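Start counting the sequence shown at 1; every next residue gets the next number (UniProt numbering).
Careful, some of the hints might be misleading.
27 Å max Cα-Cα, derived BS3-like pairs, lysine-lysine [said to hold, decoys possible]: (1) K147 x K66; (2) K79 x K66; (3) K26 x K147; (4) K144 x K168; (5) K96 x K148; (6) K168 x K131; (7) K96 x K144; (8) K234 x K148; (9) K197 x K27; (10) K210 x K26; (11) K79 x K26; (12) K131 x K148; (13) K96 x K147; (14) K197 x K210; (15) K210 x K234; (16) K210 x K168; (17) K148 x K168; (18) K27 x K148.
Calculated from the structure, these hints are not laboratory results. As the structure is a prediction and not an experimental result, all values here were calculated from the model.
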Amino acid sequence: MNYILSITPFNDNGRHAAMAALRIAKKTNAALLLIDEDVIPQPVKELMALAGASKDELSDKEGYVKEQFIEFLEQHAGKETRLTVIDEADINSNGKIDIHRISLIVKYRESTSVNNEFDAYEVYPSLSKLKSPVLYFSEKSQLKEFKKLAYITDIRYCDIANLLPLVKLCHFFNTELILIHVTASGLPDIDHSYAEKLLVHEIIPRIHYKNTTLINLPGTDTINDINNVAEIIKPDVIALSNRKYWFYDRLFIQQSDLQLSYINIPLLIFNQQN
């Protein structure tokens, strides 16, 4: 049996991400592993301490919040999906979890931390050995439906190794796979007819998924082009290779010098280093 690993705070902030992880686990017949990042955020702890809360009271509050969180997930899991709460030691090399059976990591990330890198692999170094994709949620991200999955790539160099797990997810959820062609830096744009030929003759025969469509974007204003397309097609998830790391914060965060924010759309990031 494979695992879906959910790394979220066991509170309302992490609930949408954990529920998405549970839905994926149920659809793919995987077991769900849960790691608690932080039950009560540090600023709240400090305020409670200033208000006179003792360490025991803080501990009791954390325990109650965690208990309610787990009960909520168990109610939705039913008998067919196994939930296991683990900690960091369980995914280390001497731990009890075979990390190579983790097919997807679901991670909560605060969208206010503009300068922070995506940190799932840094927080848990043992995961850096994996090729598992990471599905990132901000506090406003939700996955109510999974009807459209958009993958941003230069179709001339589309990584089939990334597409295959996407196709597997699409099969389980009967999801439309949308390839958004973005011209790689320094390369000329391609016309739509050539991009369509690559899709029909090179990609679809290799992924065996006909519910795949193509959108070809010019390379002049990529971020705003993606924004405009997303407003039209309304994808439930946007997928990227980590080679396009410079997209990440700009797709996640509302900033004054940018016109867009994807804080309500989960991002699926592939840990491909080559």
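In rising order, the numbers of the hints this structure does not comply with: 1, 5, 7, 9 and 13
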